[in-house]
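Construct all of the structure, not just a fragment, from the sequences and the given hints.
Residue numbers (UniProt numbering), protein chains in the order written: chain Z, 1 to 211; chain A, 1 to 211; chain S, 1 to 211.
These are calculated hints, taken from the structure and not from any lab test.
From the three backbone atoms N, C-alpha and C, an ideal C-beta is built for every residue, glycine too.
It is possible that some hints are incorrect.
Some chain S residues flagged as far from chain Z (calculated, every beta-carbon gap over 12 Å) [as the list claims (entries may be wrong)]:
no.	residue
1	PRO14
2	THR17
3	GLU21
4	ASP28
5	ASN67
6	PRO109
7	GLN120
8	GLU128
9	LEU139
10	GLN140
11	GLY162
12	GLN191
13	GLU197
14	VAL208
To spell it out: a stretch of chain S is covered by chain Z in this simulated footprint if at least three of its residues, at any positions, have a beta carbon under 8 Å from a beta carbon of chain Z; those stretches are [stated by the list, open to error]:
no.	stretch
15	95–105
16	167–180
This is what each chain is made of:
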Amino acid sequence: MAFRLTPHERGFYPLFTRAAENIVVAADLLADLVASEGPDRPALAAKVKDTEHDGDSVTHEILVKLNSTFVTPFDREDIYRLASSLDDVLDAMEEAADRVVLYRLGVLPAGIAAQVEVLQRAAAATAEAMPKLEKVEQLQPYWIHVNSLENEADDVYRALLGELLAPPEDAPPAEVLTVLKLKEVVEVLEQAADAFETVANTVESIAVKES
Amino acid sequence: MAFRLTPHERGFYPLFTRAAENIVVAADLLADLVASEGPDRPALAAKVKDTEHDGDSVTHEILVKLNSTFVTPFDREDIYRLASSLDDVLDAMEEAADRVVLYRLGVLPAGIAAQVEVLQRAAAATAEAMPKLEKVEQLQPYWIHVNSLENEADDVYRALLGELLAPPEDAPPAEVLTVLKLKEVVEVLEQAADAFETVANTVESIAVKES
Amino acid sequence: MAFRLTPHERGFYPLFTRAAENIVVAADLLADLVASEGPDRPALAAKVKDTEHDGDSVTHEILVKLNSTFVTPFDREDIYRLASSLDDVLDAMEEAADRVVLYRLGVLPAGIAAQVEVLQRAAAATAEAMPKLEKVEQLQPYWIHVNSLENEADDVYRALLGELLAPPEDAPPAEVLTVLKLKEVVEVLEQAADAFETVANTVESIAVKES
Numbered sequence: 001m002a003f004r005l006t007p008h009e010r011g012f013y014p015l016f017t018r019a020a021e022n023i024v025v026a027a028d029l030l031a032d033l034v035a036s037e038g039p040d041r042p043a044l045a046a047k048v049k050d051t052e053h054d055g056d057s058v059t060h061e062i063l064v065k066l067n068s069t070f071v072t073p074f075d076r077e078d079i080y081r082l083a084s085s086l087d088d089v090l091d092a093m094e095e096a097a098d099r100v101v102l103y104r105l106g107v108l109p110a111g112i113a114a115q116v117e118v119l120q121r122a123a124a125a126t127a128e129a130m131p132k133l134e135k136v137e138q139l140q141p142y143w144i145h146v147n148s149l150e151n152e153a154d155d156v157y158r159a160l161l162g163e164l165l166a167p168p169e170d171a172p173p174a175e176v177l178t179v180l181k182l183k184e185v186v187e188v189l190e191q192a193a194d195a196f197e198t199v200a201n202t203v204e205s206i207a208v209k210e211s
Numbered sequence: 001m002a003f004r005l006t007p008h009e010r011g012f013y014p015l016f017t018r019a020a021e022n023i024v025v026a027a028d029l030l031a032d033l034v035a036s037e038g039p040d041r042p043a044l045a046a047k048v049k050d051t052e053h054d055g056d057s058v059t060h061e062i063l064v065k066l067n068s069t070f071v072t073p074f075d076r077e078d079i080y081r082l083a084s085s086l087d088d089v090l091d092a093m094e095e096a097a098d099r100v101v102l103y104r105l106g107v108l109p110a111g112i113a114a115q116v117e118v119l120q121r122a123a124a125a126t127a128e129a130m131p132k133l134e135k136v137e138q139l140q141p142y143w144i145h146v147n148s149l150e151n152e153a154d155d156v157y158r159a160l161l162g163e164l165l166a167p168p169e170d171a172p173p174a175e176v177l178t179v180l181k182l183k184e185v186v187e188v189l190e191q192a193a194d195a196f197e198t199v200a201n202t203v204e205s206i207a208v209k210e211s
Numbered sequence: 001m002a003f004r005l006t007p008h009e010r011g012f013y014p015l016f017t018r019a020a021e022n023i024v025v026a027a028d029l030l031a032d033l034v035a036s037e038g039p040d041r042p043a044l045a046a047k048v049k050d051t052e053h054d055g056d057s058v059t060h061e062i063l064v065k066l067n068s069t070f071v072t073p074f075d076r077e078d079i080y081r082l083a084s085s086l087d088d089v090l091d092a093m094e095e096a097a098d099r100v101v102l103y104r105l106g107v108l109p110a111g112i113a114a115q116v117e118v119l120q121r122a123a124a125a126t127a128e129a130m131p132k133l134e135k136v137e138q139l140q141p142y143w144i145h146v147n148s149l150e151n152e153a154d155d156v157y158r159a160l161l162g163e164l165l166a167p168p169e170d171a172p173p174a175e176v177l178t179v180l181k182l183k184e185v186v187e188v189l190e191q192a193a194d195a196f197e198t199v200a201n202t203v204e205s206i207a208v209k210e211s
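This is the structure in structure tokens:
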């Protein structure tokens, strides 16, 4: 594989941008799936699966480029961490969509829609930031924003866990298998929020090194 | 500790081979344990535990060698990732064997035997590949094979989760504690499959760098 | 950000020491919380949360220093791994405290107090070791001790899982939601023990490199 020797390998930025834009699509599909009734869900989950496949090929392009590029715009391990955390976001979203269908879940608790809505905002912020990686020092508002979104996601997640596992005394007794199914969906959505934060933290550490 | 300065430190290949062959033994023991009835299981789980101890010492040998070797055959972080993902495979297998015994599980769902059978094939492929690391560019069939095995494992895993958490309406009601026990075994076996994929992906990235 | 060019950047040691001492405080608070009855727990969980915030700022200081320091006392990735595994310890402790309160758990099984007691000893050993990082080759007793504590923690953890999921035939039937709540607390405490071991393994690998 030929080594590119341009002093500064810019080709990474469009790939990270594509990866992030793909996540925006997946987050919107996930929001539709969560809002929809049972019958429409399998088709929406299949579309989320497609975005995950697209994401996998972008990740693969980034890693091949990383391994064949002599001069990278920033530390190789930061490029690697950025690519794999973007990949983790999408994997978690796809798993959430899959589980909702697999477990034949009915109407979902409002908290799950709230989790997905936070993910949509994190996806939008990430997609807006990726094209600006070349001026990474200007991205501080982005990583601060995503960190606060992650705190918001934590609060929603925590409230959902309490709702599922420690419902108010006067609530109707929960069907335990349903609790198990919902808990898994809720946890994988929280993983997606954590992965968005890892992306943001990686961008911050790149900026600090360049400052 | 003396620094070895041979231009190319070959001593790593036999260690990775030993680690992989050890995993083959563990996978076969795990298959016996899953197929066997309760009474034979504790002895088989103890043997799996022994292979895990052997694996730990090989991992330790690799890391000591890594830290004391001046010229490594490929990137230090790739050697580290290879060693730790092989270690992760064995840890997951040992935990699966342990849980089956600890939870006094009876006859296991066929899907669990299917998971282990995929792990046996991944172990065989890995043990065949490790001695050829020196000609890593020839190992493409290996990493493609293991990636497809991981997809196979995912399908089995997904089907098992559906079977456990969303059984057909007409199925006898599952005992929830049993569901929890089986779910844990199923999940840790899936972790082993993922770790095999990490091994294969690491080998691929080594090959790409050398190409 | 100015680059410090002192041949040997010592400023990291006090930061690691502060991080470890902060963990000692959190472990003691967690022990009080586990021993206490319901009403006192929220206030104790809030204090654990405070220590986690303190820990986050120390971690942040370490990472900023890492990214702005030209000559580090040992490999950058070891400093990074040390900082993040100390952070993982505290995150797990905070989550455990939070869950006990969130799930309104009553008197806890003795095994949970035993888990926390092992964590207190690991915290003390770590806090004693961090100031001695400069003479890392003398820390072998520390990492051997923490590895044996991790084995002790594994045994307690394993016994607790068996107690929760496979209680003796003659035991009163467990309330499954309670099993789920306790299982989550038990698992996150085990994660804390694992993170202590990662800290110790990182210190060992630093020592091996320097030998």
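Results of checking the hints against the structure:
no.: 1; hint: PRO14; in the structure: 20 Å, holds
no.: 2; hint: THR17; in the structure: 23 Å, holds
no.: 3; hint: GLU21; in the structure: 24 Å, holds
no.: 4; hint: ASP28; in the structure: 24 Å, holds
no.: 5; hint: ASN67; in the structure: 4 Å, violated
no.: 6; hint: PRO109; in the structure: 17 Å, holds
no.: 7; hint: GLN120; in the structure: 26 Å, holds
no.: 8; hint: GLU128; in the structure: 30 Å, holds
no.: 9; hint: LEU139; in the structure: 26 Å, holds
no.: 10; hint: GLN140; in the structure: 29 Å, holds
no.: 11; hint: GLY162; in the structure: 20 Å, holds
no.: 12; hint: GLN191; in the structure: 14 Å, holds
no.: 13; hint: GLU197; in the structure: 22 Å, holds
no.: 14; hint: VAL208; in the structure: 21 Å, holds
no.: 15; hint: 95–105; in the structure: holds (count 5)
no.: 16; hint: 167–180; in the structure: holds (count 3)
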